[in-house]
Every structure is written in C-alpha cells, then in structure tokens.
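Residue numbers (this note's numbering): 1 to 142.
Hints listed in this document are in silico derivations from the structure and should not be mistaken for laboratory results.
By construction, the Cβ of each residue, glycine as well, lies at the ideal position given by its N, Cα and C atoms.
Hints may be right or wrong, so weigh each one.
[Stated by the list, open to error] Pair by pair, the computed Cβ-Cβ distance ranges are:
{"id": "1", "residue 1": "Pro98", "residue 2": "Lys22", "range": "41 to 51 Å"}
{"id": "2", "residue 1": "Ser101", "residue 2": "Asp130", "range": "31 to 41 Å"}
{"id": "3", "residue 1": "Glu41", "residue 2": "Ile4", "range": "20 to 30 Å"}
{"id": "4", "residue 1": "Val26", "residue 2": "Ser53", "range": "16 to 26 Å"}
{"id": "5", "residue 1": "Gly96", "residue 2": "Gly61", "range": "41 to 51 Å"}
{"id": "6", "residue 1": "Lys71", "residue 2": "Pro105", "range": "37 to 47 Å"}
{"id": "7", "residue 1": "Ser44", "residue 2": "Asp130", "range": "24 to 34 Å"}
{"id": "8", "residue 1": "Pro105", "residue 2": "Gly64", "range": "48 to 58 Å"}
{"id": "9", "residue 1": "Pro98", "residue 2": "Ile4", "range": "19 to 29 Å"}
{"id": "10", "residue 1": "Gly86", "residue 2": "Asn34", "range": "28 to 38 Å"}
{"id": "11", "residue 1": "Asp130", "residue 2": "Tyr67", "range": "18 to 28 Å"}
{"id": "12", "residue 1": "Ser124", "residue 2": "Ser101", "range": "15 to 25 Å"}
{"id": "13", "residue 1": "Ser52", "residue 2": "Pro105", "range": "28 to 38 Å"}
[Unchecked claim] Think about it this way: if two alpha-carbon atoms lie no more than 20 Å apart in a straight line, the pair counts; the simulated SDA-like pairs of lysine to any residue are:
{"id": "14", "residue 1": "Lys76", "residue 2": "Thr127"}
{"id": "15", "residue 1": "Lys134", "residue 2": "Met122"}
{"id": "16", "residue 1": "Lys76", "residue 2": "Leu115"}
{"id": "17", "residue 1": "Lys91", "residue 2": "Asp117"}
{"id": "18", "residue 1": "Lys45", "residue 2": "Gly65"}
{"id": "19", "residue 1": "Lys138", "residue 2": "Leu13"}
{"id": "20", "residue 1": "Lys24", "residue 2": "Leu68"}
{"id": "21", "residue 1": "Lys136", "residue 2": "Asn28"}
{"id": "22", "residue 1": "Lys138", "residue 2": "Tyr18"}
{"id": "23", "residue 1": "Lys76", "residue 2": "Gln48"}
{"id": "24", "residue 1": "Lys60", "residue 2": "Met49"}
{"id": "25", "residue 1": "Lys71", "residue 2": "Leu123"}
{"id": "26", "residue 1": "Lys22", "residue 2": "Leu139"}
{"id": "27", "residue 1": "Lys76", "residue 2": "Ala119"}
{"id": "28", "residue 1": "Lys45", "residue 2": "Ala83"}
{"id": "29", "residue 1": "Lys70", "residue 2": "Ser58"}
{"id": "30", "residue 1": "Lys24", "residue 2": "Lys136"}
{"id": "31", "residue 1": "Lys70", "residue 2": "Tyr18"}
{"id": "32", "residue 1": "Lys114", "residue 2": "Leu95"}
{"id": "33", "residue 1": "Lys91", "residue 2": "Lys111"}
{"id": "34", "residue 1": "Lys76", "residue 2": "Met49"}
{"id": "35", "residue 1": "Lys132", "residue 2": "Leu68"}
{"id": "36", "residue 1": "Lys59", "residue 2": "Ser44"}
{"id": "37", "residue 1": "Lys138", "residue 2": "Thr127"}
{"id": "38", "residue 1": "Lys70", "residue 2": "Arg25"}
{"id": "39", "residue 1": "Lys24", "residue 2": "Lys132"}
{"id": "40", "residue 1": "Lys91", "residue 2": "Leu77"}
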Amino acid sequence: MTVIFSKACELGLQSVLYLSTKEKRVFNSTEVSNELKVPKEFVSKVMQMLTSSGIIGSKKGKNGGFYLAKKPVEIKLIDIVEAIDGLDLFKTCVLGFPGCSNESPCPVHNKWGKLRDDAFKMLSEETLEDLKEKTKNKLMLI
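All chains, full assembly: derive it from the sequences and hints.
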C-alpha cells in the first residue's frame with residue numbers, strides 16, 4: 001500500500017521501469033499488463049498519460065505499442081511522478097491543513113517535511129538507467 005503516490009503513478013513508475021529494461025522494443029498494453037499483472041485498460045490509460053508528457057512514445061498499427069521516448073539515463077523518477085500525480089505532494093501539507101507552514105505547522109509538519117524533502121531528492125536523482133538491473137531482478141519475482 002502506498003501513502004504517497006496514486007495507483008496510476010505507481011503503475012506509471014513500474015511500466016516505465018519495465019520498458020527501460022528492454023532494448024529498443026515496442027510493447028503493447030497487453031504485454032505490459034501481463035508482465036506487471038494489472039488490468040490492460042489501466043495500463044493503456046497510464047501509458048497515454050506518459051505519452052502526453054513525452055516520457056514514452058507510441059506507435060500505431062498492427063505492430064504498435066509503447067516505447068521509451070528518451071534514453072533511460074535522461075528520465076528521472078520525478079519526471080514520471082510529475083506527469084501523473086504532479087508535484088503538489090511535495091509542496092502541500094500531508095494532512096491537508098490549509099496554511100500549513102514553518103510559521104504555522106501541522107502536527108507532523110517537521111517530520112513529514114524531512115521525509116518529503118528526502119523523497120523528492122531521491123526521485124530527482126535516480127534515473128531509469130540507475131535502476132535498470134534492480135528492476136530486472138524485481139520483475140523476475142513478479
């Protein structure tokens with residue numbers, strides 16, 4: 001269970017990581033769906049969101065599908081998060097209190113602020129290339 005990202009964002013991260021482990025191949029939503037064990041319709045919806053952002057590309061036709069639009073080293077995890085969930089998570093109160101700030105903190109402001117900043121830093125630094133081997137290992141376990 002996630003407390004940070006939407007299910008669509010989780011699937012987006014998994015899908016793009018999956019695509020990064022393959023060499024220059026186009027995958028249709030059924031192949032991605034089968035590999036990640038999620039509904040094909042959900043994969044299609046998320047992949048369209050990522051296509052709109054330029055992270056992945058799509059090819060129409062009989063041999064169509066999805067592929068990385070950039071090199072794995074050029075795609076950071078934060079790019080995927082931003083494309084699907086946006087970055088408000090890193091700017092707003094985790095409890096949803098309006099006006100939460102350093103001057104007027106919510107009950108978890110200080111602790112959440114550090115976690116949020118660390119998460120943003122990690123997502124901004126890690127590229128698909130950095131995670132390729134770990135992703136291959138994880139996919140073998142699914």
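Return the numbers of the hints above that this structure violates; sort them in rising order. none
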